[in-house]
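Asker: From first to last, the protein sequence lines are chains C and R. Note that full-length UniProt numbering has the first sequence beginning at 1, numbered continuously upward. Note that full-length UniProt numbering has the second sequence beginning at 1, numbered continuously upward.
FYI, nobody ran anything at the bench for these hints, they're computed from the structure. We put the beta carbon where it would ideally sit given N, CA and C, even for glycine. Be careful, since some hints might not be right.
Stated by the list, open to error - Taking lysine-lysine pairs in the DSS-like style, the calculated list, with each CA pair at most 27 Å apart, reads: (1) R:Lys142 - R:Lys100; (2) R:Lys250 - C:Lys56; (3) R:Lys158 - R:Lys13; (4) R:Lys142 - C:Lys56.
Unchecked claim - What the simulated footprint calls covered on chain R by chain C, stretch by stretch (three residues with Cβ under 8 Å from a Cβ of chain C suffice, anywhere in the stretch; the number is not a length): (5) 191–204; (6) 239–253.
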Amino acid sequence: MQVQTHVDINSEWGIVAARQAGRKLAREIGFGSVDQARITTAISELARNIYLYANKGQIYIEEVSNANKRGVKITAIDQGPGIKDVRKVMEDGFTTSGGLGAGLPGVRRLMDDFTIDSEVNNGTTISAIKWLR
Amino acid sequence: MNANISHIIFKHKESIIDQWLEEIPKFRTEDSLQNITDAMYENTNREFVDKLLSTVKNQTNDHADLVPFTERLIQLGWPLNYITRGLQEFRKITVATLSKSETDYNDSIELLQEIENWIDEIVNLLVNEYSGSWENTVFLQKMALKELSAPLIPVVDKISVMPLIGTIDTERAKHIMENLLTGVIEHRAEVVLIDITGVPVVDTMVAHHIIQASEAVRLVGAKCILVGIRPEIAQTIVNLGINLNKFPTKSTLKKGIETALEMTKRQIVEMEG
Numbered sequence: 001m002q003v004q005t006h007v008d009i010n011s012e013w014g015i016v017a018a019r020q021a022g023r024k025l026a027r028e029i030g031f032g033s034v035d036q037a038r039i040t041t042a043i044s045e046l047a048r049n050i051y052l053y054a055n056k057g058q059i060y061i062e063e064v065s066n067a068n069k070r071g072v073k074i075t076a077i078d079q080g081p082g083i084k085d086v087r088k089v090m091e092d093g094f095t096t097s098g099g100l101g102a103g104l105p106g107v108r109r110l111m112d113d114f115t116i117d118s119e120v121n122n123g124t125t126i127s128a129i130k131w132l133r
Numbered sequence: 001m002n003a004n005i006s007h008i009i010f011k012h013k014e015s016i017i018d019q020w021l022e023e024i025p026k027f028r029t030e031d032s033l034q035n036i037t038d039a040m041y042e043n044t045n046r047e048f049v050d051k052l053l054s055t056v057k058n059q060t061n062d063h064a065d066l067v068p069f070t071e072r073l074i075q076l077g078w079p080l081n082y083i084t085r086g087l088q089e090f091r092k093i094t095v096a097t098l099s100k101s102e103t104d105y106n107d108s109i110e111l112l113q114e115i116e117n118w119i120d121e122i123v124n125l126l127v128n129e130y131s132g133s134w135e136n137t138v139f140l141q142k143m144a145l146k147e148l149s150a151p152l153i154p155v156v157d158k159i160s161v162m163p164l165i166g167t168i169d170t171e172r173a174k175h176i177m178e179n180l181l182t183g184v185i186e187h188r189a190e191v192v193l194i195d196i197t198g199v200p201v202v203d204t205m206v207a208h209h210i211i212q213a214s215e216a217v218r219l220v221g222a223k224c225i226l227v228g229i230r231p232e233i234a235q236t237i238v239n240l241g242i243n244l245n246k247f248p249t250k251s252t253l254k255k256g257i258e259t260a261l262e263m264t265k266r267q268i269v270e271m272e273g
């Protein structure tokens, strides 16, 4: 059976809740402490982006598996303003909020698979998978 | 309440109480209610139903005398859910009993309305008391959290430590910055060690706040050392591509203090003899 947890992000406390849910699942699947920290940090970045740019959205955390490996999949969905230039936000140091601009490119490096889908005025969906080695 | 109706309810008091006490245990599913003794459980239930029926005598809808009892229920940790279901059950039983035995009041809308009003007032009072107590708890915990938020501790002359514990949100980050700067001036610190051993996740926002704080500390003429970086945190910081090379970083507070002493041209010497 595959578990899916879903956390609503509408305040900074939602970020904490999503992070804790992610850490719990990662630990259950058997990720080591370094990968647990990677997964939690990635969730934190994605959840914070939702809170910062779209005000509200959802984080889904689930176990995934293919032929011979298991992993954690994080999906971040919002109906916010969307991203104008996806290529640009994936560059290190690009920011519109005065932050470090390391969030999204960082998440891509923290996780194994990464997809981003965004439409201006229609929201953003990002999913990222970390496979258990 | 209408004197006539309260009289009728009073007449059937015993039967209502007995039925209610029989029905109510089926809601006793919550953990907090399973852990108390049966005697205690029954006594409190009986007291509850007695209190309820005593409010029938009130001509007005003022049930202030229920407040102390509610406070006790809250302290005992009885869930609100159980209490409201208990009240609904109580209403059901009262209506059923009265409509069965009092032919005058058979299907009487007046009777129903009176009972509805009566129970609704009590539900409102209980919900108010419960939510008030929750709000109070949340407020107190917020204050407690703020108090242990970010102390700047002078360790030796010119060296101070700020241990950070728990999640850093925007509000705490502001608080940290303020404490850091006022503390640096107040303690005349030259080196400040920021210890992040107790921070569970260092994401770009937390890193950004730390960088900003250290920059502000530099502006008031002191230096920052970041200590307590756990191996997994070091790896995530590298993955995120965060540049922390503007200030020295150390794995433990002990090493940080050694560096801080060096920076202020001092060292720890063991005494002979």
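Asker: Hint by hint, say whether it matches the structure.
Answerer: A quick look at each hint next to the structure:
Restraint check for lysine 142 of chain R and lysine 100 of chain R: the C-alpha separation of about 53 Å exceeds 27 Å, so the hint is violated. With a C-alpha separation of about 37 Å, the suggested pairing of lysine 250 of chain R with lysine 56 of chain C is violated against the 27 Å cut-off. Taking the CA atoms of lysine 158 of chain R and lysine 13 of chain R, the gap is about 76 Å. The hint is violated against a cut of 27 Å. Between lysine 142 of chain R and lysine 56 of chain C the CA atoms are separated by roughly 23 Å; this keeps the pair inside 27 Å, and the hint holds.
Counting residues of the region 191–204 of chain R whose beta-carbon sits less than 8 Å from any beta-carbon of chain C gives 5, enough to reach three: the coverage restraint holds. Taking a C-beta to C-beta cut-off of 8 Å, the region 239–253 of chain R contributes 4 residues in contact with chain C, enough for the three needed, and the coverage statement holds.
Of the numbered hints stated above, those contradicted by the structure are hints 1, 2, 3, listed in ascending order.
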